[in-house]
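Chains as they are written, first to last, in the numbering used here: chain A, 1 to 107; chain B, 108 to 323.
It is worth saying that the hints were derived from the structure and are not from the lab.
The structure displayed is predicted, hence computed values, not measured ones.
Among these hints, one or two may not hold up.
Once the Cα atoms are required to be at most 30 angstroms apart in a straight line, the calculated DSSO-like pairs of lysine-lysine come out as [to be verified]:
id, chain 1, residue 1, chain 2, residue 2
1, A, K42, B, K245
2, B, K207, A, K42
3, A, K42, A, K92
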Amino acid sequence: MRGPQDYGGLPAGLVDPVKNEHEPTHWERRVDAIMLLLFDPKRRLARVDESRRMQEALGDDYHKYPYYERWLQAITWLLLEKGVFSQEELDKKREEVRARLEAERNG
Amino acid sequence: MSEHHHDHLNATHTHDGKPIQNDEPPSIEAESLETAVRELLMEKGVITADELRGAIETQEQRRPELGAKIIARAWVDEDFKQKLLSHGDMAVRSFGVDMKPTELCVVENTEEVHNLVVCTLCSCYPRAILGIPPAWYKRRDYRSRAVREPRSVLSEFGTIISEDRQVRVHDSNADLRYLVLPRRPPGTDDWSEEDLTELITRDSMIGVSEAITPGE
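Given these sequences and hints, build the entire structure.
If you want it as structure tokens, here you go:
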């Protein structure tokens with residue numbers, strides 16, 4: 001069965017390499033750095049196959065997520081599954097962070 | 108922590124030297140999730156702010172220029188080239204590159220064969236050598252079509268491979284990463300190793316283009 005990630009050979013549009021090229025944003029670099037650390041030998045909290053399993057679990061939503069948002073969602077689920085933090089801790093922290101970011105953006 | 112490194116992170120260029128700025132903030136959803144995860148990881152002692160800064164710097168240092176040095180060495184040193192083709196992981200160690208936990212497979216372009224690298228399932232890429240993959244490499248259009256109609260895809264990069272050369276497509280995976288060894292351009296026999304690196308672009312090591320031919 002073809003999963004949502006399995007694009008190989010399907011019809012698709014032009015690659016447009018000029019348009020689809022940008023240096024990573026600061027935010028993307030932060031997500032990338034978090035991933036690098038979680039994958040490293042010191043922590044080994046994530047592996048490529050585990051992360052892919054989580055991304056593929058997105059199902060049809062897979063296509064809707066921009067690349068780094070998909071990775072971020074995958075590692076978040078992985079960290080929850082591994083008990084690094086709980087859903088309650090994440091929800092609480094996220095609410096607090098969101099209020100702070102909104103204040104920053106509006107300020 | 109990003110503010111501190113703002114100027115440094117901005118000092119980046121594309122493979123052809125044009126600076127590109129992209130500092131658009133992500134959605135509040137995405138930014139709040141990333142910030143929450145990062146702060147929880149720090150509070151729990153899983154990662155430190157120093158480690159995070161270090162990781163960003165590590166990624167910054169992994170740029171296609173490193174790959175160009177490896178390819179230029181292979182062009183001037185036959186023994187190194189043979190080692191690179193047979194035991195890629197070991198050969199790149201002399202350039203300070205650690206491929207672990209993945210393996211490196213270097214594929215050589217010849218008069219008969221042109222190689223193209225893709226990852227249809229995700230975005231596997233020799234990041235330890237070339238850095239973060241370009242956005243198009245991670246997008247659906249490239250991933251879908253590179254394996255079905257590689258010559259059309261190549262033409263979208265302005266690369267025309269003559270019909271008498273075979274186009275071989277390599278689908279990367281979680282454990283195995285490919286790097287293309289492009290053909291050394293004609294008219295460069297007396298070029299130094301250092302000068303040769305200027306002809307080797309990121310795209311030529313992915314296989315969507317060939318190395319730059321001087322004067323063209």
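task = Check each numbered hint from earlier against the structure, then list the numbers of those it violates in ascending order.
result = none
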